[in-house]
Amino acid sequence: MSKQKTRREALVYHAKPQPGKIKIVPTKPYATQRDLGLAYSPGVAEPCLEIAKDKDNVYKYTAKGNIVAVISNGTAVLGLGNIGPEASKPVMEGKCLLFKIFADIDGIDIELDTTDVEKFIETVKIIAPTFGGINLEDIKAPEAFEIERRLKEELDIPVMHDDQHGTAIISAAALLNALVITKKKISDVRIVISGAGAAAVSCTRLYKAFGASDKNIVMLDSKGVIRSDRDTLSAEKLEFATDRKIDTLEEAMKDADVFIGLSVKDIVSAEMLLSMAKDPIVFAMANPDPEIDYNLAIKTRKDIIMATGRSDHPNQVNNVLGFPFIFRGALDVRATKINEAMKMAAVKALAELTKEPVPEQVNIAYGQTRLTFGRDYIIPKPFDPRLISEIPPAVAKAAMESGVAKMPIDDWDKYREELLQRSGNDNKIVRLLHDRARMNPKKIVYAEADHLDVLKAAQIAYEEGLATPILLGNKVVISELMKELEFDADILVIDSHADEANDKRNHYAAKYFENRQRSGVSLFGARAKMKERNYFAAMMVLEGDADGMISGYSRAYPTVVKPVFEVIGRAANVKKVSTVNIMITERGPLFLADTSINIDPNAEEIAEIAKMTANVATTFGFSPVMALLSYANFGSSTHPRATKVKEAVKILHATNPELVVDGELQIDFALNKELHQGKFPFSKLAGKKVNTLIFPNLESANITYKLLKELNQADSIGPIMVGLRRSVHILQLGASVDEMVNMTAVAVIDAQEREKRKLAKTQK
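The sequence shown begins at 1218 in the working numbering and counts up one residue at a time.
Think of the hints as simulated: they come from the structure by calculation, not from any bench. Be aware that a few hints might be false.
Unchecked claim - Straight-line Cα separation of at most 30 Å, DSSO-like style, residue types lysine-lysine; simulated pairs: (1) LYS1401 to LYS1369; (2) LYS1238 to LYS1270; (3) LYS1792 to LYS1631; (4) LYS1631 to LYS1660; (5) LYS1901 to LYS1792; (6) LYS1336 to LYS1245; (7) LYS1631 to LYS1614; (8) LYS1369 to LYS1306; (9) LYS1516 to LYS1495; (10) LYS1793 to LYS1896; (11) LYS1828 to LYS1721; (12) LYS1401 to LYS1721.
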């Protein structure tokens, strides 16, 4: 993607459909006059009076305990430098977004128009009663040190400068694990730190807290090695000045065990790497380009343990592994500060989590057979769902043990369950889909590529590395639209009507005729059908000229399904093809079936739909907990529409006892765990959170998913076709660009899975 195009897309993303990335939404009812009377005058006076009696009641009656201020003056924004408070606002909004999606913390960004340390501190102190915590961001050194130190001393809420401590915490966890692998002691290793800013200083202090020795540390700034005999050193640099008579990075790297890069790209050469000790640990964390290229490093030293700040290489040191969960734990015990004990607890929890067996969802997200603790896995992945249930409790316990917690936690199991509930309201599954597709992109034919939105989706899929698009449609129209979109990639464009497609058209027609000649199809009719885009595209997939197909944007569902069924057909041992929609809801993803095809399935068909839907959930890394839905509960009705669901459950219990499935159930009993547990303790679903809903007929499934989508603004991924011989997926009429991009990722993953199964068969 060109820099100009990236710039334009970034600007549109931030400007449309409404400016910015965050908003405030009510958490209480407001529909009636009574509601408004409680929310404001006169009812609001009551909590005001309670807080006036005891200031701590502010945590009971307001949102203070879950709000973190993200505060900057814009003096050190990313790699952009001192660009001012207004220009820093998009970054601060972004930080608020990360707080919300990873830890369900409400971030409020505040940009201060001052470079005066005293004014900054005084302003933050004045507004502090509003917030449960303060996250300082993008403030240049050395002012950042003084601002954080003073605010920690003078406020009674958690304060952390993430630029300093985030990288320190994550890299310290990675370093401890790397030392375990190399069988080296932190007290013995020689450490070179390239960079002397806020992050470098905080990293080095934290390493020392874990046992690194002053005499073994060499820090460098833009002038070279920070030596004790250098003039005009700041207090922070003087803290790490060495007495060794060396001046350059090249000299410092000789026999070093650890290199920590927090500086600029390409300053470490292959020769420097070769001069390091056995089993070198190299954390090249300059972004976006590290101090030494990852591929060059691992080619130069086979014994290296390498980490970067990038997501496209193993061992990404990413601050999002730390700050959301550290603040979560601190807020939940009402800590008065984030102290060294809490930071060290986060380090240890991250390090230990890496050594535990990795959930299948994480393996799937990163396209791995099995991630295991080792040289290429020394720190958890940002997708790891265990982060929110492991890091906050460790931080909270440390706060309690170090005496800074004002509201201790007694029931840790209940707390972990609450944390997991908080993690269900984001779009992790979408990121999972895209990352997994990128691992092994496939050729996807877009049967309606001469429509602007379809072409936009294909362009995004191509530029994001999700798929290799094949564009099917009117070549002249596609060419014009590609110019309009600045989509200048060298990809295959096919017009099934054009003379140049004659050979393919005839080949496909012959194959189609061969397969359908006993179903009333003539060779002449087969040739005519190959001019229709959905027949042509389906034949491309059947013949292996494409790995998957996307269609349905501009045509009614039945008209697209027909050619797909005729050309592709059902997979072996599948009686009914069906569809699944994944709904991204506040309670987490819900898998719904069958939303598009089977009008009134019988018991055997419902059981088959349930099994295929369970496979979909498993494919995307979720353990299916399935409710078979009805208007009745466990035999409360003998009507055939209820008894067929009961019979389907009986079939599943007999044929697939390993599945967590039960019914027939009404929707409220399926989704309300407490209600279900109280009324039906005998059920397989008792005490479990249902994530998969199997409907008794098409109308109930289709209406439900569209109702969720329209009324709750729930994002939908689907309909995902299951039970076909190839990866073909049909969109809902008028699907959005985002929905088409997500379905492209689904089509790619579907093709990947089929390829894996085929390979496994050949290897038997």
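Hint check results:
no.: 1; hint: LYS1401 to LYS1369; in the structure: 35 Å, violated
no.: 2; hint: LYS1238 to LYS1270; in the structure: 37 Å, violated
no.: 3; hint: LYS1792 to LYS1631; in the structure: 44 Å, violated
no.: 4; hint: LYS1631 to LYS1660; in the structure: 46 Å, violated
no.: 5; hint: LYS1901 to LYS1792; in the structure: 27 Å, holds
no.: 6; hint: LYS1336 to LYS1245; in the structure: 36 Å, violated
no.: 7; hint: LYS1631 to LYS1614; in the structure: 14 Å, holds
no.: 8; hint: LYS1369 to LYS1306; in the structure: 24 Å, holds
no.: 9; hint: LYS1516 to LYS1495; in the structure: 15 Å, holds
no.: 10; hint: LYS1793 to LYS1896; in the structure: 34 Å, violated
no.: 11; hint: LYS1828 to LYS1721; in the structure: 37 Å, violated
no.: 12; hint: LYS1401 to LYS1721; in the structure: 62 Å, violated
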